Amino acid sequence: MSKLNRRDFLKLTGVGTLAAAGTLAGCAGPGANGSAARAKVVVVGGGPGGATAAKYLRMVDPTIDVTLIEANPQYHTCFMSNEVIAGERSLDSIAFGYDGLKKHGVKVVHDYVTAIDAGARTITTKGGNTFHYDRAIVSPGVDFQWDAIEGYSEAAAERMPHAWKAGPQTALLRRQLEAMPNGGTVAIVAPPNPYRCPPGPYERASLIAQYLKHHKPRSKVLVLDPKDKFSKQGLFTAGWKNRYGYGTGNSLIEWVSGAQGGKIESVDPANMTLQAAVESFKADVVNVIPPQKPGKIAFAAGLVNEKGWCPVDKKTFESQIHPLIHVLGDASDATAMPKSGYSANVQAKVCAMAVADLLGDRTPGDPSYMNTCYSIVGHDYGISVSVVYSLDETANSIVGVKGAGGLTPADASPEFLKREMHYAHGWFANITNDMFG
Amino acid sequence: MNITPIKRLLLAGGLAFSATTLAAPSAEMLANTCAACHGTNGNSVAATPSLAGTSADYFVETMQAFKDGTRKATVMDRIAKGYTDEELAAMAGYFAAQKPVPMQQAYTPVKANLGKQLHQDYCEKCHEEGGRAAEDAAPLAGQSMLYLSYSMEDFHAGHREAPKKMARRVREMFESHGQAGIEALMHYYAAQQ
Chain A
-3 MSKLNRRDFL
7 KLTGVGTLAA
17 AGTLAGCAGP
27 GANGSAARAK
37 VVVVGGGPGG
47 ATAAKYLRMV
57 DPTIDVTLIE
67 ANPQYHTCFM
77 SNEVIAGERS
87 LDSIAFGYDG
97 LKKHGVKVVH
107 DYVTAIDAGA
117 RTITTKGGNT
127 FHYDRAIVSP
137 GVDFQWDAIE
147 GYSEAAAERM
157 PHAWKAGPQT
167 ALLRRQLEAM
177 PNGGTVAIVA
187 PPNPYRCPPG
197 PYERASLIAQ
207 YLKHHKPRSK
217 VLVLDPKDKF
227 SKQGLFTAGW
237 KNRYGYGTGN
247 SLIEWVSGAQ
257 GGKIESVDPA
267 NMTLQAAVES
277 FKADVVNVIP
287 PQKPGKIAFA
297 AGLVNEKGWC
307 PVDKKTFESQ
317 IHPLIHVLGD
327 ASDATAMPKS
337 GYSANVQAKV
347 CAMAVADLLG
357 DRTPGDPSYM
367 NTCYSIVGHD
377 YGISVSVVYS
387 LDETANSIVG
397 VKGAGGLTPA
407 DASPEFLKRE
417 MHYAHGWFAN
427 ITNDMFG
Chain B
23 MNITPIKRLL
33 LAGGLAFSAT
43 TLAAPSAEML
53 ANTCAACHGT
63 NGNSVAATPS
73 LAGTSADYFV
83 ETMQAFKDGT
93 RKATVMDRIA
103 KGYTDEELAA
113 MAGYFAAQKP
123 VPMQQAYTPV
133 KANLGKQLHQ
143 DYCEKCHEEG
153 GRAAEDAAPL
163 AGQSMLYLSY
173 SMEDFHAGHR
183 EAPKKMARRV
193 REMFESHGQA
203 GIEALMHYYA
213 AQQ
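Quick note, the sequences are listed as chains A and B, same order. The numbering used here applies: residue -3 is where the first sequence begins, and numbers increase by one. The numbering used here applies: residue 23 is where the second sequence begins, and numbers increase by one.
If you're looking for bench data, these hints aren't it; they were derived computationally from the structure. Just to be clear, a hint being listed does not mean it is correct.
[What the hints assert, rightly or not] Simulated restraints, written as ranges between beta carbons of each label pair:
id: 1; chain 1: A; residue 1: Q316; chain 2: B; residue 2: H178; range: 26 to 34 Å
id: 2; chain 1: A; residue 1: P188; chain 2: B; residue 2: T106; range: 32 to 40 Å
id: 3; chain 1: A; residue 1: S393; chain 2: B; residue 2: G91; range: 40 to 48 Å
[Stated by the list, open to error] From the structure, some residues in chain A lie toward chain B, with a derived Cβ separation under 7 Å:
id: 4; residue: F226
id: 5; residue: V395
id: 6; residue: V397
id: 7; residue: E416
For clarity, every value in this text was computed on a predicted model and none was experimentally measured. From the three backbone atoms N, C-alpha and C, an ideal C-beta is built for every residue, glycine too.
So that you can see chain B by itself, here it is in the shape it has in the complex (with noise of 0.2 Å):
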C-alpha cells in the first residue's frame, strides 16, 4: 500500500496535540458524533453515504471542499466548518481504518452486469477493485443508490468539481451509453453487497 506523505502525517495526528491546553477530543469521539446520519463507525444503512473505508486523503479533502464552499452540499457545509484541520484528520484516520458494510438495497442484475462492464472500460482505473478501494477517489460500491445518482447530477451541474480524467472518462461513457449507462453504473455498484 502506498503511504504518502499526508497519509503518515495522518496516522501520527493521534497523538500530535493532546499536549496542548486546547480541547482535543479522540478521533473516536469526534467520528461516533457523525452516526446518527452516516451510520455507527460509519457503516450508512441509508442514503446518507457510508464513510468506513474512505481513503483519509479522500476524507480531508472532500472536508476541505465543503469548507471553502467548492463543493456544494445540504448540511455538510455547514457542519465541516465546525472542526479544525486537526480534528479532521483525526476523523480521517478513524473512518479510513474502518471495515466497510456496504448497504443492503435493490438492484437490478441485469443493469448491474451492464454496469460492471462499463466500470471495467470507464472507472477502474482509479475507483479500484469494482469500486471498492480507491487511494485518491471516492469509495462506490456498497454507497446507497440515491447518494450515488445526487452525486453524479452535482459532477453534471458543476456543484462538484470533477477531476479533469473523470470527467473525461464520464463524458465518454455519457456519449455511447447515455443515461442508462449511468443507471447501469449504479445498480453495479449497489450489486454489491
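If we strip away everything but chain A, and leave its shape as in the complex, we get (with noise of 0.2 Å):
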C-alpha cells in the first residue's frame, strides 16, 4: 500500500521529480523494481538506533534506498558489557556485525561520517565519499566531555579506562580487574545526569563486587558520584544488602554521594589518585565514566542546541534545527525516556515509520513508546523498572501512562529476582536480533 501510495504521489505531482532527480546521482543501481526512482534514506551510525532505523524502514516500505554508514565493521553493546568487565561472559558475545541489515536490503558501508549539509542535503565521509539523501537519520549516540574533570583524557583513558563505549575499553577494564590484587580497591567515578544508561553505574560496581567476592574478598568497590540519588537505587542498596553487607563495616561497596563529597574535580592517572572537593582518593582500577554529550558528528552537522542536545519532534523524530534530518537515541532530547538502548530501539521505531510515511507524503500515525532497563545485580538477581509512553503533541513531550510502569517491587521473592535476570538475558537475546538480526 505505501509503495503504490508514493509512487502515485510521484506521478502525480511536479515536487516529485526533484527529490527523484537527487535521488538518481546517489544511488546509481538500478532498483529493487529496475524503473523509477526511489526514495533514499541515508543513517548515520551503526549502533542500536541506526541499525534498528535502518532495518524497519526495509520493513515498513521496501521500496526505499536505505544506506547505512558506520565506522566499525562490528558494534560492541553497552548493554551486558558490565557482565564482559564481571567476567560473566565473553566480549564475542556482545559483538555484532552488520550481514544481518545487509539480508534486509540496507546497503553498509563502513566509512566514518566527517559532514551533513543540511542545505544541499549531502553525507561527505572521511574516504571522501558524498551520500545524497531525501531523509537523513542520525543516531550518533554520546561522546564524553573530555575536559569535564581534570587531568582525564583519551591518554589518561588507557590508564583510567571509562568503558562506556564497549569493545577494548571492556576488555581493558576486565585486565586491570584480574591484575589487581586481592585487597584492592576499584573506583567508579560516576557521570552527573543526563547520560548513557541510568542504572548503569550501579549495576558495574555490583558485578564488580560480585567478581570480587568470589575471586578478591579483601578489596572494595568505591562509588564517587555527583549526584546524592541515582536510578533504581532502593533496590540496588537493597541487593547490594543481600549479597555485598552494604551498609556493614565489611561492605564490598561503598558509595559516595555528591553531598558526601563524592563528586571528583580531577584525577592523576600516574598516581591513581582522584580528587574531590575536600577529600582525595587512591585505587588500583580506576573507572572514570565521564559528563556526556552527543556524539561528534551532531555538533559538526549543527544539529545541537544551548541545551546540548538535539531538539527532535517527538513524533517523528526530525531536528527541529534542520528539517529532513532525523536525531534519535542518545544524542537526542527525548526525555522522558532515558538514554538507553531500549530506547534508542523503540524511538528508531517511531522514527522509521514516521519517515516512510512523510516520504510517501502521508501525515505520520501516532507514535507508542516504552522502555524497560533491566539490571543484574548477582547471579539469579536481577531488577527492573519499566514504562510505557505517549505523545503529548502540544507539548511536544514524551509522557509516561498514569498508573502504568515502575520498578520490581521491594518485597520480590528470590525466585522473582532469579527470573527477572533470566528475562534480563532473553531481552538481551531479542533486542540484540531484533537490531541486528
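The task is to assemble the complex, starting from two chains supplied on their own in separate frames and drawing on the hints.
Right under this line is the structure:
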C-alpha cells in the first residue's frame, strides 16, 4: 500500500521529480523494481538506534533505498558489557556485525561521517565519499566531555578506562580487575545526569563486587558520585545489602554521594589518585565515566541546541534545527525517556515509520514508546524498571502513561529476582536480534 | 476457522478509533514496541515468550489478567496497565496474524517422545496440533522451555489461574508420571522447531 501511495504521489505531482533527480545521482544502481526512482535514506551510525532504524525502514517499505554508514565493522553493545567486565561473559558475545542488515537490503558502508550539508542534502565521509539523501537519520550516540574532569583525557582513559563505549575499553577494564591484587580498591567515578544508561554505573558496581566476592574478597568497590540519588537506588541498595554486606563494616561496595563529597574534580593517572572538593582518593583500578554530550557528528552538522542535546519533534524525531534530518537515541532530547538501548530501539521504529510516511506524503501516525531497563545485581538477582509512554503532541513531549510502569517490587521473592535475571538475558538476545538480525 | 464475536471486533479494531482526536497508534506501531523483549514480529529467540500466532482472544484475556492482577508477572503487570482496551485489541490482532517461528533450543529426543504421548493423552484437546494451534489457549510448541517451566510453576503456586479442565488434566498427568512427565512435555514443545 505504501509503495503505491508514494509512486502515485510522485507520478501525480511535479514535486517528486526534484527528489527523484537527486536520488538518481546518489544511487545509480538499479532499484529492486528496476525503473522508478527510489526515495533515499542515509542512516548515520550503526548502534542500537541506527541499526534498528535502517532495518525497520526496509521492513516498513522495501522500496526505500537505505544506506547505513558506520565506521566500525562490529558494534559492541554497552548493555551486558558489565557482565564482560565481571568475567561472566565473553567480549565476543556482545559483538554484532552488519550481515543481518544487509539481508534486509540495507547498503552498509564502513566509513566515518565527517559532515552533513543540510542545504545540499549531502553526507560526506572521511573516505572521501558523498551520499545524497531525501531524508537522513542520525544516531551518533554519546561522546565524552573530556575537559570536564581535570587530568582526564583520551590518553588517560588507557590507564583509567571509561568502558562506557564497549569494546577495547571493556576488555581493558576487565584485564585491570584480573591483575588487581586481593585487597585492592576499584573506584568508579559516576557521571552527572543526563548520561547513557542511568542504572549502568550501579550495575557495574554490583557485578564487580560479585567478581571480587568470589576471587578477591578483601577488595572493595568505591562509587564516587556527583549525584545524591540514582536510578533504582532502593533496589540496588537492597541487593547490595543482600549480596555484598552493604552498610556493614565489611561491605564490598561503598557509595559516596555528591553531598558526601563524591564529586571528582581532577584525576592523576600516574599516581592513580582522584581529587574531590575536600578529600582525595587512591585506588588500584579506576573507572572514570565522564560527563556526556551528543556524538561528534551532531555538533559538526549543527544539530545541537544551547541545552546541549539535539532537539527533535517527538512524533517523527525530525530535527527542529535542520528539516529532513532525524536524530534519535542518546543524542536526542527525547526525555522523559532515559538514554537506553531500549529507548533507541523504540525511537528508531517511531522514526522509521514516520520517515516512510513522510516520504510517501502521508501524515505520520501516532507514536507509541516504551522502555524496560533490566539490571543485574548478581547471580539469580535481576531488577527492572519499565515505563509505557505516549506523546503529548501540544507540548512536544514524551510522557509516561499514568498508572502504569514502575519498578520491581521491594518485596520481590528470590524466585522473582531470578526470573528477572533470566528475562534480562532473554531481553538481550531478543533486542540484539531485533537490531542486527 | 471459528470466528468468535470478540475476534470479529478485533479484526475491525484497527479502524474503529482512528477518527477520534485521542492518540491512536497503529497496531504495528504498538506491537513494534514489544519486540525488544518478545522478538521481531513477536517471535522470541530466548526466555521471553513468543507472541506470534497467539489467538487474539487469548492475548486479550492474558493482558487483562495482567492488568487486574489475576495473573502474576515480573514486568507484564506493570506494562499491561499502560494500554487501553482498544490498544490491546489492536495488538492482539497484529500478533495473531504473525507467522510463528519456533525457538531454536536444545532438547532430549527420548524425553520429547514421551512428551508427545503425554500431550496426546492429556493436552491435545485444547492445545491442538501438538500445541501449535489454539483458539482459546496459549501456544506451547516452539516456546522457550524455561518460560514453559515458569508457567507450570505459576499454575502450581496459584499465581496463575488454570481453567478447571486444565487443572484436572495436569493433576491426572502428574499423579501418573510426576515431575518427569512435566519435563517430558517441555521437551516435546521445545522439539517442535
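Legend entry - V395(A) as chain B interface residue, shortest Cβ-Cβ below 7 Å: violated (11 Å)
Legend entry - Restraint outcome when E416(A) is required to lie within 7 Å of chain B by C-beta distance: Holds, about 5 Å.
Inset, instruction - Evaluate the given range 40 to 48 Å for the C-beta pair formed by S393(A) and G91(B). - result: violated (30 Å)
Legend entry - Status of the given 32 to 40 Å range, CB of T106(B) versus CB of P188(A): holds (37 Å)
Legend entry - Hint check, V397(A) versus chain B [nearest Cβ-Cβ separation less than 7 Å]: holds (4 Å)
Legend entry - Q316(A) paired with H178(B), Cβ distance criterion 26 to 34 Å: Because 54 Å falls outside the window, the suggested range is violated.
Inset, instruction - Answer holds if the nearest beta-carbon of chain B is closer than 7 Å to that of F226(A); otherwise answer violated. - result: violated (20 Å)
Violated hints for the displayed structure, listed by number in ascending order: 1, 3, 4 and 5.
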